[in-house]
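Model the full assembly from the supplied sequences, consistent with the hints where possible.
Chains as they are written, first to last, in my numbering: chain L, 332 to 1200; chain Z, 76 to 302.
Because the hints were derived from the structure by calculation, they are not lab data. Given the structure is predicted, the values throughout are model-derived calculations rather than measurements. Take these hints with a grain of salt, some might be off.
Stated by the list, open to error - Ranges between beta-carbon positions, derived for each pair:
no.: 1; chain 1: L; residue 1: G470; chain 2: Z; residue 2: D154; range: 52 to 62 Å
no.: 2; chain 1: Z; residue 1: F141; chain 2: L; residue 2: I736; range: 18 to 28 Å
no.: 3; chain 1: L; residue 1: T1133; chain 2: Z; residue 2: D190; range: 22 to 32 Å
no.: 4; chain 1: Z; residue 1: P143; chain 2: L; residue 2: R692; range: 25 to 35 Å
no.: 5; chain 1: L; residue 1: I736; chain 2: Z; residue 2: G155; range: 35 to 45 Å
Said to hold, decoys possible - Which stretches of chain L does chain Z cover? Using the computed rule of at least three CB atoms under 8 Å from a CB of chain Z, they are:
no.: 6; stretch: 552 to 563
no.: 7; stretch: 830 to 840
The beta-carbon is built from N, C-alpha and C at its ideal position, and this holds for glycine as well.
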Amino acid sequence: MTTQPDTASSESTDMTNPEAGEAANGGLGPASVDGMSAVADSAADPRDDFAVDDYATGPDTVERASATPGELQPYPELGLRDDEYERIRQLLGRRPTQSELAMYSIMWSEHCSYKSSKVHLRQFGEKAPASDRLLAGIGENAGVIQVSDTLAVTFKIESHNHPSFVEPYQGAATGVGGIVRDILAMGARPVAVMDALRFGAADHEDTARVLPGVVAGVGGYGNSLGLPNIGGELVFDPCCQGNPLVNALCVGVLPVDRLQNKAAAGAGNVVVLMGAKTGRDGIGGVSVLASATFDDASEQRRPAVQVGDPFTEKLLIEACLELYDAGLVVGIQDLGGAGLTCALTETAAAAGTGMRVWLERVPLREPSMEPHEILASESQERMLLIVAPDKLDAVLKTADKWGVIATAIGEVTAAQADGEPGRLLITWRDQTVVDVPPASLADDGPVYARPMREPADLILLQADRAETLPRPSTPEALRETVLRMIASPNLCDKTWVTEQYDRYVLGNTVLAQPEDAGIIRIDEESGLGVALSVDGNGRYARLDPYNGAKLALAESYRNVAVTGAQPVAVTNCLNFGSPEDPAVMWQFAEAVRGLADGCAELGIPVSGGNVSFYNQTGAAAIHPTPVVGVLGLLDDVAQRVPMGFAPPATPDGDLIFLLGETRLELSGSEWASVTHDHLGGVPPRVDLVREQVLARVIADAAGAGHVTAAHDLSDGGLAQTLVESCLRRGVGAQITVPEEFTNGSMPFVYLFSESAGRAIVVVPRAHEDAFAALCGQYELPATLIGVTDATNATLEVVDQFTLGLDELRTAFTSTLPRLFGGTATDPAADAHAPAQAGVPAAAAVSSQAEPAGAAEPSDGADSVANDNG
Amino acid sequence: MTARVGVVTFPGSLDDGDAARAVRLAGGDAVRLWHNDSDLQGVDAVVLPGGFSYGDYLRCGAIARFAPMMESIVAAARDGLPVLGICNGFQILCEAHLLPGALTRNQHLHFRNRDQLLRVESIDTAFTNSFSAGQEVLIPVKNGEGCYVADERTLDELEATGRVVARYLGGNPNGSQRDIAAITNEAGNVVGIMPHPEHAVEALTGPSLDGLGFFTSILKHLAGAPA
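Here it is, written out as structure tokens:
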């Protein structure tokens, strides 16, 4: 939770925007800043009638800074507050140089310093259950979890929201690139990626602009790196209009003894910059692009988005792994957000050493770049290595083999004689442009306890329960609701997106989307594997951020568990609005508290994560959206449990059990949103003990061969789960609603309630007694609800309706192709031609529907995306 | 003696490990070859794997064909060395003029990854002799530039001489002319295929085991080849 070294220029900002002044008055927590005299004496000095940018005589040097103490500096434009600027002056005993000012503005930004979130994130460490698996945790580039005597796994999720809005393809692509380098920096070979994506309404014109580019960017970068994309989320919500959420997760594998660290230890060691040349792309990513909430000028910030080159990153991966295996590096850090500034200061601060850097040695794409630009550049595909002098030749040779540039740009210097840490001294053509204590940038940024206040509308919102909405109560209405719901953008088939991702490369993908969790085999000999899921539900968190965060954790945990894996660690990406809004800050604090409590209850630690603030356009913040990733282990991936019904072993079908309890819980549900455009009430009850029991039963049953399929229940309830399990392998089912759910609208409740802690499992005949005994042993409610049916290609809910799998498939698969071009079912179709196929089913259904909110797609035909450019 | 099958790694190759695994699962020895070397190390056959060689920022495969290893492979292929190009490997074989035609951007302009049904049209090659004529196989396809194109005369000739090795069934994933998924040279020792047989060699990780046939065919071919 210290800095967040990668994902160039994601989120976060400081208070550059004018509104900040207002927030600053009340927003300054007691723990924050000491001296408050803004820009002391600046106007007093007669020498300072020019702006910093006007130098004709070379860069702003330390010498010059000492001689011109009163010079006006553009710190507000760089996102620094008056008091923060004053603190920098006190730290240095003079005004900062232009380069130093750039460095502080970046490192003290929200993005790098976590100044608003730090006081809350501490709970992840304080409440963490003891784990002897955790080899590296929060504060490292990524958490590392030991999974066998010899192997460890590292994983992390990070946001790249703002860049993806401004420039969808490159923003998303470099989001993948950034998280991959985090994993690489730990000594791991990256082995898979996932992406959690949130956009505005599916039929909104800006979604048509952003989504195709983001998906192509995630695919373009990941595919070119040879990393299978094994899952993720695709969610549409009007609150993300103008503020998409692009969260990328990467998982890597390393031998335990190859774990790397970032400390620049050992005076005399060489500082090597390896990878792409440094250019002007991404300058100010963290402090300018992310420096304000979104507005119409965002488009003009495109130069602040980095441009990715996955080929160079692929070479960088291979080169780094070869260096690790040969034991050639002492320390390593990736460059991402805050670029060289972050890498130099963090590596030095971690070791307490100093560093001497010759900045003109940095290979540049653009020779006219100035020192502060080189230090701030967020050019992608770069790593900083700390190398013993006698290993330098070998390092350069390996880099050369892989065709990547590696350049010695400096050396590690000793701590000071009095035991104080060393200083970071940077020269540019023999002129000293930076002379600072590294930790003042990396570790000692401002920390704010910002004011928090429960949103004023929350009580009313919670009182407006979806359980009071009119519900379908006839078989016909129920049937139509099923068809309408599975065709709705959040519940429909996501193949349009996922088939743009390579899921096969590396040959170890055992499960990938649309399965509940992705599974990667990490040891071909033993079959050892990891399962991963990412989940979040902004609507639940909006209604109750504490329990919403727990529900996200519960769902992710459950998704991993239903594959038979044992959940062991958690990563998270916390997407929120402006921390300067006390209501947002309250949501954030509640969500963190919920997640930390939840992890403690489940006994699995948070191993790392990322915070993304300022996700709002104007005054409207997104729903608080904690996205939670859970990592699970499988001793043998051959034991994994898939989600699809398998052709039954006997003609009378296998048995389908519903595990857990179904309550009348519709608030925050997909149904309330789709059919009533409604958000209110309190989200489903969360019971993490029950989740643990569910996980244990499925793992035991899978190990004993009692289950052939399992699928979690979440958005869209039982109906959605049944349809997905039927369509996966084209096997039908016959379901009987339990007696107590047969009256009035209760069949609907049984099919669409979103009660947590539930899953369905398929048990072959002859195993049912043993399975029931297992459930009894753990006191897990298990209800026999039906049988699989290979002879009739239908989903039948007895006494309610029968739907053909073909009809279900048409409704399920037509939505995204209709919205974004092409068709999922006809590969030969040309995406240039706006697709029409499939509309009938969806349209017919939506015209039916109940009270129906105004949110009903009304201009689908116009919004067909054909953005293939 | 076990067949030794070389798998070339170019900078940007991605499926080289998968190809090597497929060779091993088929019973052969996989020998890793480096793009910048020219020594074929006496291998009995070569696989050019999928990926994005040299980033493929130019035409796919356009730079790879100039690699020192490719010069050796082109010469050896002309002397009958069995060479299988998968995806990027197919593109490289076309750029190297070992196969006619070219692979262009998918008609729908998206990268597309799906399980694809193919019909094996020719079993007279070094890589398809384990199949039966007309056999339908399920193999993953994944590419952004897999649309096979050639002039009409070349297409007619490929068909007339039985050099179309496999066609897409149940939907053409990229717009390839005449649904062509794989072709061979006149001698039948060089095959280019756009889908990825190396991803269909294990029940746990692939949609089928159909891909293995392409690799067992090499061994069968070598066993039958004159010493």
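We went through each hint and held it up to the structure:
no.	hint	verdict
1	G470(L) / D154(Z): 52 to 62 Å	holds, 59 Å
2	F141(Z) / I736(L): 18 to 28 Å	holds, 21 Å
3	T1133(L) / D190(Z): 22 to 32 Å	holds, 29 Å
4	P143(Z) / R692(L): 25 to 35 Å	holds, 32 Å
5	I736(L) / G155(Z): 35 to 45 Å	holds, 41 Å
6	552 to 563	holds (count 4)
7	830 to 840	holds (count 11)
Of the numbered hints stated above, none is contradicted by the structure.
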